[in-house]
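So the sequence lines, in the order shown, correspond to chains A and B.
If you read the first sequence in our numbering, its first letter stands for residue 1, the second for the next number, and so on.
If you read the second sequence in our numbering, its first letter stands for residue 1, the second for the next number, and so on.
Calculated directly from the structure, the hints in this document are not laboratory data.
In this text, a Cβ means the ideal position worked out from N, Cα and C, and glycines have one as well.
Treat the hints with caution; some may be incorrect.
Quick list of in silico lysine-lysine cross-link-like pairs, DSS-like style, CA-CA up to 27 Å [said to hold, decoys possible]:
#1 B:LYS328 x A:LYS256
#2 B:LYS330 x A:LYS258
#3 A:LYS11 x B:LYS349
#4 A:LYS147 x A:LYS161
#5 B:LYS330 x A:LYS193
#6 A:LYS10 x B:LYS349
#7 A:LYS231 x B:LYS349
#8 B:LYS328 x A:LYS258
Residues from chain B shown here face chain A by an in silico Cβ test under 8 Å; the list is partial [what the hints assert, rightly or not]:
#9 TYR78
#10 HIS81
#11 ILE90
#12 ILE333
#13 ARG341
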Amino acid sequence: MTTKTTKTTKKIDEATIRFAGDSGDGMQLTGTQFTNTTAILGNDLSTFPDYPAEIRAPQGTLSGVSGFQIHFGNRKIHTPGDSCDLLVAMNAAALKMSLSSLVKGGSIIANTDGFSEKNLKLAGYTDNPLKDGSLFDYQIFEVDITKLTEIALQDLNLSGKHVDRSKNFFALGMMYWMYNRPIEPTLKWLQSKFSGKPDIMEANIRVLKAGWNFGETTEILKVNYEVAPAKLTPGTYRNITGNQAAAWGLIAAANKAKLGLFLGSYPITPASDILHELAQYKNFGVKTFQAEDEIAGVTSAIGASFAGDLAVTTTSGPGLALKTEALGLAVMVELPLVVINVQRGGPSTGLPTKTEQADLFQALYGRNGEAHIPVLAASTPSDCFAMAFEACRLAIKYMTPVILLTDGYLGNGSEPWRIPESAGFPDISPKFPAASEAFLPYSRDEKTLARPWATAGIPGLEHRIGGLEKQDLTGEVSYDPLNHELMTKLRSEKIQRIAEDIPPALLEGEPSGDVLVIGWGSTYGAIKTAVLRQQLKGHKVSFLHLRYIRPFPKNLSGIFPQFKNFLVPEINLGQLLMVLRAEFLIPAVGLNKVQGLPFRAEEIEMKIEEMLSSEL
Amino acid sequence: MIKIDELLKQTTSTPTVKYTVKDFQSDQDVRWCPGCGDYSILAQVQRIMPDLGIPHHKIVFISGIGCSSRFPYYMNTYGFHSIHGRATAIASGVKLANPDLSVWVVTGDGDGLSIGGNHLIHLLRRNIDLNVLLFNNQIYGLTKGQYSPTSEKGKITKSTPYGSIDYPFNPISLALGASTTFAARSMDRDPKHLQGILKRAAGHRGTSFVEIYQNCNVFNDGAFSQFTEKETKDDTVLFLEHGKPLVFGKERNKGIRLNGFTPEAVSLSEGKYSVSDLLVHDETDTTLAGILAEMTYKNSLPRPLGVFLSIERPTYEEEMMRQIEFAKEKRGIGNIDRLLRSGETWVIK
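So that you can see chain B by itself, here it is in the shape it has in the complex (with noise of 0.2 Å):
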């Protein structure tokens, strides 16, 4: 047993360790059902964490219930698997007892929109440095199947024979509704996409939110197929780039410009409209990052994709280090004896 003091010694003495893949992966087995999304995302999320250069014990995964909260056994960091829905409030706390730490939460549609759905809203307008990695499949998998807050409406599940009557969040126009600082969506299809999108969570200061489309290849297969799939993906999907204009389609002869407020999909190849009637697309723009959100389940636009919004505004931890500090500064460092003797006393002899 040693004091907590050397160890931080320790912990700053580090040598600087070359990590690979390996070192992030735990001795458990991956126990998701075979065909499950989540395997891409975990190796994706394994293959990205060498490049970031942070130890693996300054790491911390935390989830809450669910398919996916599973992940933080299957990381060689520390990790917390939680109760439903509360992820996001211990990663709070672990991040303000321990800023140093690399804080990553690990949740689903039913656990970070339904029961967890206030925590996350708090956590995005409070803007903690975390990286939070929503899994979305649109149904409750772990339960056996019922519908879900991003579930289509009218979907038929086992609570739901007649059909969802619930008109589904969409988790990127939510997050920006919480006044988030990053906002980007993949998809466990993608797995260089996905490792790029967390590479730039991992790299933003505050909170970042990242949905990711997965596959329940066992409750509810093939929900994002059309965006997914070699066939169709081109005419479907729009890839948000910075600073390029909004181009997709097979042949990248499409686009979608502005019309008063509402964005349209037009066609390049018709005469009609060139590049440069396109939206470009700027991540530091929260109003563009609104409307382009907003495309989400309008059929005859492509699911955007990408980094919708990254800017930048103090964490809340460094404001309450600050504050620390300047009440240290201004009071001086606390002393128990002289608090406890603060105000008025009085002597008996």
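Bound-form chain A, shown alone (with noise of 0.2 Å):
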């Protein structure tokens, strides 16, 4: 298919779009499709699916409002946009709830019978803003995509339910005009996805062309546009969720330290899908186990650990705070066990499909008695394997419950991701003992001071465990005063020996200057970016970003008296902000936004800026 010669192609540098319909119109998938169409041709790209806790909350309202927003572009791409440049709207309510996000001057999309009175009752307009003059500031573009999908099926004889859902397919072949995407890589997705169902595929592959000619063909739409591939390092690429990246972190891990993997977990939002990525992989060798409740999650878990499994627990907040007491036992009885939190906005149930990091506090300390267990975090989609490669790793060497801490927004959201060799990968060894007459199960390695891994079935070390304080060495129960002090203080010290085994953090910016911006988790991308701009403006201003907080790398403690001033940009009310405060002693300030959405760069950059001019 080519472009007819009365439009025009643009090119530009980079784009953000934004699908928004109602949460049964497939927003998430047609915002998928487009991310992998757009990641084969080159471009890097951040993706944010914004979606309601409701499976179909009513039809139209705006709670019901699905959203997916894709930046993309021929350059490194760090975040999924701070606003969009276009909008579809496939209804009055998806219009209201996302115009904000609009830059001035924007496009509209709008499919037409979406603003149907009874539409634009249940978004609240008493007007129609298609109509009303409202929106003079942004560009309209209005399709009636129902009737246009509803011609190009007239002679299939299809439900109308069937031809409802396939319109957001006629969305995505508009905006693969729009932004020059090929339709193939969609047509060879349907193909499989819809190879039993032969008149859904030809449906939607009809609506897919149907969009792009439309596309092609309409006097209303004039000009597309072209984003050149991006200048990326060498290499083999794939795009990829963050919970997928943790899934298969976890199976890359098992792999090279050669043990099975074992995964206790109970569904919750937004961290199932690791669950069902790791349910697909028994080939290799891969055990899910769906259990009970988020306890029986855990405690299967240590089960596991304890007969000689790579044993994980996924979960979100409310879940690791049912799993706090068995916490606590895999402290004590210093079995190896990987815990991934998907956090999401809380407290309590909170807001389960929206992104937070306030579960840091809750990671550090949660437990009863000194229960010091090692907590990383993952900063981008993609970086969720390697960090849940290193949990596993840590784990195993250190005999030691490590707790991974992701969020909805690095979960759900993708990025290309340059493949890995697993050749390159670390390595893995977990030591088991050989049997001896005077086995120790509380003997310590020297350097790690990790215990022996004395897994169940081995013959001549069979041993007891258990929650309660142990004896050095022996193991056995001991309710001892200064032994206990000395268990406490040996458990402690062991997790800080991991300082010796990290890397050290990484300082991106001049090794001084007037602002240094620390960050941990999902900020990554937009902290990035707003420090990158104000680098451009000259101003004096650097960036750590931590994936290691306890312990800490090693390193932090000579880059902070390089600095005058410290930022810590956060999706809570300032968690590690404290925590920096009370270890480092450093006059750090906080960035707050507790909103269940991500930050937008420009606020973390008008922040640097509001420092930088009481700093003058």
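Could you use the hints to bring the two separately framed chains together as a complex?
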């Protein structure tokens, strides 16, 4: 297909578009398809799926709006975009909910069928915004997507429901035309997805093509865009979400360690996709155990660890709360265990589908007694792979539970990922003790302080463990006061020693300056973008993003004295902030947002500039 | 330090040794109250272990919290004294990670039926090949005497000075309701019977649920004395035996017959009923097991002891391993580099 000469193609460096519709409209699928095609084309990208907790909220209502934003370009892309350039609004509610994220002068493609009197009323509009002039700041393109879909399918004898369900592919086809993307990857996907349902496959293919053709022929759309491939490091790439990356990181670690992988998990948004993903890979010997509750999820994993599997439990905030007591047990019995918390808005049930970073305190401190657990945090969707692998490495080497924090924004968000070679993965070689008369289950490795992993079934090492305090070396139950203090210190020291085994924190920017921005987790992209812009303006701003929070990398104490001011942006009320202030006595200030939404880079920039101006 | 593969080789080449009771006794001092029923249960478990023919490194005892949960410390096997109520879930993980192990859960009426009730019922429906020994003393012992989920209604304890208003669980009915494939009941004061039941449980493929009446001589002394004491036992206990009519009584002159769906005790010496009128026990009949279990709190009926139900159903771990083998056959053994490159990829030069 070629573009007609009557239309012009503009070359642009980057674009952000948002698909918004009813939660039954297939916006997540549409966004994912657009993302995969864009990735294959070689653009760098970042995505932000934003959907309601209700599976099918009442049709046409504001609470039922599901959105998918993608930011792509011919250069490095760090965030899904502060705001979008183009909005596809499948109905009035989608327009109302998304308008604030559209730049002034941006384009709206509105499905006019979704602006019926009923739709307008459900969205709380008294007049049709497409007609009443209220959108004068934007370019509106009215397209009756529903009607055009019906026309494309009129001879296929499909039910009204199936016709209606195809209309997202019309929007997708139009967007492919708009941004000069090939439709072939989606055609290929449709052919394999619906190979057993030829009529549905045919319908979706027709509608996709109709959307593309409409873009090419319609008088209303006069310009389309071309975004050249990004200059990325050479290699083989794929698109990956954080949850998929985490699952694969676990498989890779088990593979490297030559251990069975056991996942004990209870379904919870937004972590369930890790369970779904792992359940597919039984050919790797992966055992997924959908437990009866969160507690059985973690305790079955502790049991599996006792019997020699690499054991994992995955959850989100409320689930981590339920696992609290068992984590203390894992600390006491010193068995390897990986806990992945895909954080969501809290407290309690909170905002299940929205993102937040407010479980840091829970991860660090949420247990009875002195129960220190290493805490890691992934910074981008693909980083979930590396950090899940790293969590496994540390858990096994140090015989400890490890908590990896990701969040809904990372778990569901995606980005292109240069695929690593397994030969380059860090070493994980669990050592199992050999039988000996004088076996001491709580003897320790001199360097790591790890105790031996005598897995149930090894002859000659029969021993008993449990949650009661252990006598040093023998592991027998002990109520001796001095022994308790010794064991408490040993358990804590073991975790501190991990600092010797992790990479230094990467300082991005000059080694000294006016402001050091310190972040962790999914705020990486927004902070990076903000800091880069500030650096381009000539400001002395550097950036430190922490992937290890307990223990902290060793080089922090050397970096901090070189800066005058410290800014800690977090999607919480200042949790890392408090830890940093307590541990390093630095006068750090927070930038805090708890709206269930990620930071926009400009929010961080404004704060940096405010700090710089008060500095002058 | 050696690698796990070498150890497994060692494991499989271990010659069959004849074990004795001593091999299963750990070096720890047993610390239950003097006179506690747990001593007898421990002795019977240690007594039958050598007969199972399983080397002690392949046996794991797992417990939660409570008096009975000290049990693993006294067994010279692998052991895990875990947290309150979770032994069943931990044991599930142990068995799934290494289905070769013989895994035993020791729990109590509080640990297994109150805080751990959820894990217990789900274990039973999954039919993971574990042996669950539930020591039922109808009281909370370790916390010094509060009523438990099996305490009789009206029980006066420290936490119920006006009498408990909770209706008690009948553990066997609960297990049957949760689709167990094996349910049995025995008691601390009948060593022979207990040994027999323990061996049956060990031999059953799938979850074996064994309720063991256990006397807490400090906080609930004599709770089961009418069933355990010589003078009354014959008239108050009905020993279930597969294929045999349900006869009881000192003179073996009483029996159980069905009146509609309701069991009733009848006399065999009055000429009205003979043995041929009595119910014949069938361990494979789930309906019958339910009827017998329901006799439990009926004062007019003897208390059934023995195997209520023993049926075959595929175990969870068998099905899990079958799926893993199927996936390996169908998709080939997993290769991580292939996985990372599966689906859509593209090359940047």
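Consistency of the hints with the structure:
| no. | hint | result |
| --- | --- | --- |
| 1 | B:LYS328 x A:LYS256 | holds (18 Å) |
| 2 | B:LYS330 x A:LYS258 | holds (22 Å) |
| 3 | A:LYS11 x B:LYS349 | holds (22 Å) |
| 4 | A:LYS147 x A:LYS161 | holds (14 Å) |
| 5 | B:LYS330 x A:LYS193 | holds (19 Å) |
| 6 | A:LYS10 x B:LYS349 | holds (25 Å) |
| 7 | A:LYS231 x B:LYS349 | holds (9 Å) |
| 8 | B:LYS328 x A:LYS258 | holds (16 Å) |
| 9 | TYR78 | holds (4 Å) |
| 10 | HIS81 | holds (3 Å) |
| 11 | ILE90 | holds (4 Å) |
| 12 | ILE333 | holds (6 Å) |
| 13 | ARG341 | holds (6 Å) |
The earlier numbered hints are all upheld by this structure, with none contradicted.
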